[in-house]
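Protein chains in written order, with the numbering used here: chain Z, 128 to 283; chain S, 50 to 339.
Worth double-checking, as some hints may not be accurate.
What the hints assert, rightly or not - Not the full set, but computed from the structure, chain Z residues with beta-carbon under 8 angstroms of chain S:
#1 MET128
#2 ALA131
#3 GLY175
#4 THR191
#5 SER200
#6 ARG258
#7 GLY259
To be verified - Straight-line C-alpha distance at most 25 angstroms; calculated PhoX-like pairs for lysine-lysine:
#8 Z:LYS129 - S:LYS94
#9 Z:LYS221 - Z:LYS199
#10 Z:LYS130 - S:LYS94
#11 Z:LYS130 - S:LYS74
#12 S:LYS184 - S:LYS298
#13 S:LYS92 - Z:LYS147
#14 Z:LYS272 - Z:LYS283
#15 S:LYS210 - S:LYS94
#16 S:LYS92 - S:LYS118
#17 S:LYS184 - Z:LYS243
#18 Z:LYS130 - S:LYS92
#19 S:LYS139 - S:LYS184
#20 Z:LYS211 - Z:LYS280
#21 S:LYS210 - S:LYS184
#22 S:LYS281 - Z:LYS184
#23 S:LYS74 - Z:LYS147
#24 Z:LYS147 - Z:LYS129
#25 Z:LYS211 - Z:LYS129
#26 S:LYS255 - S:LYS136
#27 S:LYS139 - S:LYS182
#28 S:LYS255 - Z:LYS129
#29 Z:LYS184 - Z:LYS275
#30 S:LYS94 - Z:LYS147
#31 S:LYS281 - S:LYS334
#32 Z:LYS129 - S:LYS74
#33 Z:LYS184 - Z:LYS141
#34 Z:LYS221 - Z:LYS280
For the record, the hints were derived by calculation from the structure and aren't laboratory data. No residue lacks a Cβ here, since even glycine has one placed at the ideal position from N, Cα and C.
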Amino acid sequence: MKKAEIEFIVNGKKRRLSVKTNELLINVLRNDLNLTGTKYGCGIGECGACTVLLEGKPILSCLTLAVEVNNKSITTIEGIGEEKLDPLQEAFLKNGAVQCGFCTPGMILTAKSLLKENSHPTEDEIRDYLRGNLCRCTGYTQIVKAVKECADKQNK
Amino acid sequence: MVEFDYIAPETMDEVLEIISRLEGKASLLAGGTNLIPNLRNNKIKPELVVDISGLSDFSYIREDEEKIKIGVLTSITELTTSELLMKQAKILKEASGQFANPLVRNKATIGGNLADASPAADTAVPLIALGAKVKTIDSAYEMREIRIEELFSAPNQTLLKEDEVITEIEFPLLASDTGNIKSAYEKLGLRNAMAISVVSVAIVAKLRDERYIDEVKVALGAVAPKPIRAQKVENVLKGETLSQSLIEKSAEAVSDDINPISDIRASADYRRMMSKVLLKRALNKIDRGG
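Whenever a hint applies, use it, and build me the whole structure from the sequences.
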């Protein structure tokens, strides 16, 4: 089995571990680090359930090898709202934007990146930015509403 | 997934030395958004994966000597946010904005999209219309320039040798004093998001006196084994004055340029039909001012 040592920051904590060179980032997060908030959906980069932030930008952890993140920083859903809920999490709860919850971690991380880049997104901009995160409960209306409300609240 | 060794070199010299030594048994990893699915379904079985994403000097978009130069590792996201492209190559920015989704765009690179050589490669179509070339280097440090439409040899195959890599993509500045440059890009997918092109069209035209077509480049994607330049359509348009009848005539000619197949996304007949429709839409856009 071919292995490599990697060191990376996960949710602010430095981690060092030995991983198989062909192991996916999502498997290391879920199986080695027990960060099961990141979900395994399609496994081919179509659904966005496995979204994590790499150096602050949303990427798909099922299309990323664990060895690629050596010396880099990863944020998973566990890394936001640790002490009290993130405003986006609050808005999702308040608007009933969580149904089965499988897409929620990815939705929230992608939406976080959107609000960092664009503090006043229109509905179209929100829909366009979230286009890679699929909700199979099809609760998009509430999700878009939650993101919009969170942005409006932060702009006050 | 097959087992492989992994290396992340810091310089292009190391990359060239490694791939030359491995003689085709190494795969380059830039964004990985094509490579990893290909590894997972055993489409490729490299002995070594060479992660080039850490090479620092290959991610840029700049203007230099009347040309736009884009580093091979520039991400698709960077193409969508570039002010310079907004001014100089709107169609490349537009195509990048329709590329997959923001999550994929954050990792996928322009060089990876070209080297993957999909017949539906979304950056290739505007780049062909912009008259772009790739610059390459091999392990003997020999450099060459290849026009984008000549880079692809077959679906998922390029002319690149085992020990050769793309370093830069370059095309001439569009804005000029001598003419009025118009461009248009049209993509048809099966839905709005995450859709691989069924047909895509890009046009760059240099007009004189409002409607006279001095020069024109027309490119199509997903309607042949590789992204193509539509020479027959160009011949119909060049040296003529843009009008509805000319647009109709050029749409008839497109059938001779393309060679579509039927696949999971569309039938060859549908692609033939939609090539005409998209070409007309793009030309009408140019007629209205690009």
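Structure versus earlier hints, numbers of those that do not hold, lowest first: Those not satisfied are hints 5, 9, 12, 16, 17, 22, 25, 28.
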